[in-house]
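Using the sequences plus the hints, can you model the full thing?
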Amino acid sequence: KDYGDRLTIVHVKTYDDVRKLFEMMSGNEDMPFKTIIIDPVDRLQELILKAYDNPGNPYAKWEAVFEKLIDIIFYLHKTCVLTVICTTHAALEKDEVSGRVLIAPDFEGKKSYRKIPQVFDIIGYLTQEKDKASGETYRMLNTTPWENLVSKSRIPTLPGKLGNPTMGKVMGYVNEFANPVQKPAVKLAQRSNNNE
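Here the sequence shown is numbered in our numbering, starting from 1 and rising by one per residue.
Heads up, a few of these hints could be off.
With a Cα cut of at most 25 Å, we get these calculated DSS-like pairs of lysine-lysine [said to hold, decoys possible]:
1. 152 to 34
2. 94 to 78
3. 161 to 132
4. 169 to 130
5. 111 to 94
6. 130 to 161
7. 61 to 115
8. 50 to 115
9. 152 to 94
10. 169 to 34
11. 110 to 61
Treat the hints as calculated values from the structure; they're not laboratory data.
In structure tokens form, the structure reads like this:
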């Protein structure tokens with residue numbers, strides 16, 4: 001709602017629709033977009049699972065659900081030079097090593113759960129919190145890893161907790177990191193021993 005005519009929404013129903021969309025984008029030299037949002041990415045993985053379901057090879061769809069998603073993310077980011085944002089729901093995952101239950105992004109397949117979070121610079125967990133003084137609720141984006149939360153930020157300028165996050169706020173911190181403002185050098189005058 002904040003972006004008006006600067007936002008194009010494309011609804012896809014099959015993985016073939018997704019392929020056609022990316023083919024159209026790759027042939028467009030005057031790419032009007034800077035950012036693509038896959039919302040939600042677990043739904044895209046469901047479309048991949050359906051497209052690659054092969055009764056003769058039950059593992060083919062699980063390999064595709066990881067490989068095709070990674071291919072899409074890298075294609076959009078590296079080839080099309082777009083910022084890629086993926087939303088997904090949270091899932092409770094049991095860590096096979098420690099036995100702890102983790103709150104993690106809801107990806108299809110064990111390999112996706114382990115490997116896809118490594119690709120992103122920021123993994124945030126959005127919660128609603130209540131202000132103790134006013135009683136009002138607000139959104140909080142958490143990027144600091146907790147004991148039971150898969151989250152991270154490779155952007156040191158982004159706070160570990162960001163209240164009422166907007167794309168403008170998040171991208172402001174990203175841009176601050178990517179394009180640091182050079183502070184003017186301060187030249188200190190040195191005094192000689194005879195105060196000249």
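Structure-based check of all given hints:
1. For a cut-off of 25 Å, the pair hint linking residue 152 to residue 34 stands: about 23 Å separates their Cα positions.
2. Only pairs whose Cα atoms come within 25 Å are accepted, and residue 94 paired with residue 78 is rejected, the gap being roughly 33 Å.
3. Using a Cα cut-off of 25 Å, the hinted pair residue 161 and residue 132 holds, with the two alpha carbons roughly 17 Å apart.
4. The straight-line distance between the Cα atoms of residue 169 and residue 130 is roughly 20 Å, inside the 25 Å bound, and the hint therefore holds.
5. For the hint linking residue 111 to residue 94, the alpha-carbon distance of about 14 Å falls within 25 Å, and the restraint holds.
6. Annotation: proposed proximity of residue 130 to residue 161 holds, straight-line Cα distance about 14 Å (limit 25 Å).
7. Taking the CA atoms of residue 61 and residue 115, the gap is near 17 Å; set against the 25 Å cutoff, the hint holds.
8. For the given pair, residue 50 sits about 21 Å from residue 115 by alpha-carbon distance, which is consistent with the 25 Å threshold.
9. For a cut-off of 25 Å, the pair hint linking residue 152 to residue 94 stands: about 19 Å separates their Cα positions.
10. Annotation: proposed proximity of residue 169 to residue 34 holds, straight-line Cα distance about 16 Å (limit 25 Å).
11. A C-alpha spacing of about 13 Å is found between residue 110 and residue 61, which places the hinted pair at or below 25 Å, so the restraint holds.
Taken one by one, the earlier hints fail for this structure only at number 2.
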